[in-house]
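Asker: Hey, can you work out the whole structure from these sequences and the hints?
Each residue of the sequence shown is one higher than the one before, counting from 1 in the working numbering.
Don't read these hints as lab results, they were simulated from the structure.
Built from N, CA and C at the ideal position, the CB exists for glycine as well.
It is possible that part of the hints are untrue.
[Stated by the list, open to error] Result set (DMTMM-like, lysine to aspartate or glutamate): computed pairs, CA atoms no more than 20 Å apart in a straight line:
1. Lys70 <-> Glu90
2. Lys137 <-> Glu100
3. Lys137 <-> Asp150
4. Lys58 <-> Asp68
5. Lys45 <-> Glu90
6. Lys45 <-> Glu100
7. Lys137 <-> Asp148
8. Lys137 <-> Glu155
9. Lys59 <-> Glu90
10. Lys57 <-> Glu67
[Claimed, not checked] Ranges of calculated distance between the beta carbons of each label pair, as one might list FRET restraints:
11. Thr52 <-> Ser112: 35 to 41 Å
12. Gln83 <-> Thr8: 18 to 24 Å
13. Asp148 <-> Phe2: 52 to 58 Å
14. Ala141 <-> Arg107: 16 to 22 Å
15. Arg44 <-> Thr13: 40 to 46 Å
16. Leu117 <-> Met37: 24 to 30 Å
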Amino acid sequence: SFVYADYTTECGTPVHELMKIYAVIFIFVYPVGIPAMYFALLYRKRHAIDPTIPRTKKKARMTVNSEDVKTALAIRLQNHHLQPLAFLFESYEPAYWWWEVLVCFQRLLLTSSHIYLSSDKLLQPFIVLMVALVCVKLYSALDPYILDSDDLFAEISQWSVSYTHLRAHET
Numbered sequence: 001s002f003v004y005a006d007y008t009t010e011c012g013t014p015v016h017e018l019m020k021i022y023a024v025i026f027i028f029v030y031p032v033g034i035p036a037m038y039f040a041l042l043y044r045k046r047h048a049i050d051p052t053i054p055r056t057k058k059k060a061r062m063t064v065n066s067e068d069v070k071t072a073l074a075i076r077l078q079n080h081h082l083q084p085l086a087f088l089f090e091s092y093e094p095a096y097w098w099w100e101v102l103v104c105f106q107r108l109l110l111t112s113s114h115i116y117l118s119s120d121k122l123l124q125p126f127i128v129l130m131v132a133l134v135c136v137k138l139y140s141a142l143d144p145y146i147l148d149s150d151d152l153f154a155e156i157s158q159w160s161v162s163y164t165h166l167r168a169h170e171t
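Answerer: So, in structure tokens, the structure goes:
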């Protein structure tokens, strides 16, 4: 017998066993390791990414005062130690310093459910649809982006993912 995805690899051989070990290692390196690394890096710098406003001695929140958020963004921008990590948080409001980690897990769940639920083919579309709808709700309720237009675009794109998923599983 041969590996379904690669007919050049025969099952039960030393090469096959080595590839299984290799696959398990990289399951932890990429799908688990990258989001974990992002979270660890962001968590260590969370107070600098979401700074306390000197004038109010509080964290800036868009629902309370948008001017404080602008001040927090200016403070965050002045901190040059954050520059290597800026790609992970610069689009998000300071309160959502962790949002990119959520995006990583969302992508993982939406693209890999067929692997995790391979034993139950009928459950796969339902689970993916539930993940997509939970993401719609999170994006619409939390509005994580600095710009309102980005929040609107993100919500529309989440609805689009849900609709595309529904259309793909129509039978």
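Asker: Each of the hints needs a verdict: does it hold here or not?
Answerer: Right, here's what the structure says about each hint:
1. Lys70 <-> Glu90: The given pair, whose Cα atoms are some 13 Å apart, holds under the 20 Å limit.
2. Lys137 <-> Glu100: OK: Lys137 and Glu100 at ~16 Å, within 20 Å.
3. Lys137 <-> Asp150: Holds. Lys137 to Asp150 sits at ~15 Å (cutoff 20 Å).
4. Lys58 <-> Asp68: At roughly 9 Å apart (the allowed maximum being 20 Å), Asp68 and Lys58 satisfy the hint.
5. Lys45 <-> Glu90: holds, 13 Å
6. Lys45 <-> Glu100: holds, 14 Å
7. Lys137 <-> Asp148: holds, 16 Å
8. Lys137 <-> Glu155: Answer holds: Lys137 to Glu155 is near 8 Å, not above 20 Å.
9. Lys59 <-> Glu90: holds, 17 Å
10. Lys57 <-> Glu67: This hinted pair holds, its Cα atoms lying about 14 Å apart.
11. Thr52 <-> Ser112: 35 to 41 Å: Taking Cβ atoms as reference, Thr52 and Ser112 lie about 39 Å apart, which means the hint holds.
12. Gln83 <-> Thr8: 18 to 24 Å: violated, 45 Å
13. Asp148 <-> Phe2: 52 to 58 Å: Holds: the Cβ-Cβ distance is about 54 Å, inside 52 to 58 Å.
14. Ala141 <-> Arg107: 16 to 22 Å: holds, 20 Å
15. Arg44 <-> Thr13: 40 to 46 Å: holds, 44 Å
16. Leu117 <-> Met37: 24 to 30 Å: Given a distance of about 26 Å, which is inside 24 to 30 Å, the answer is holds.
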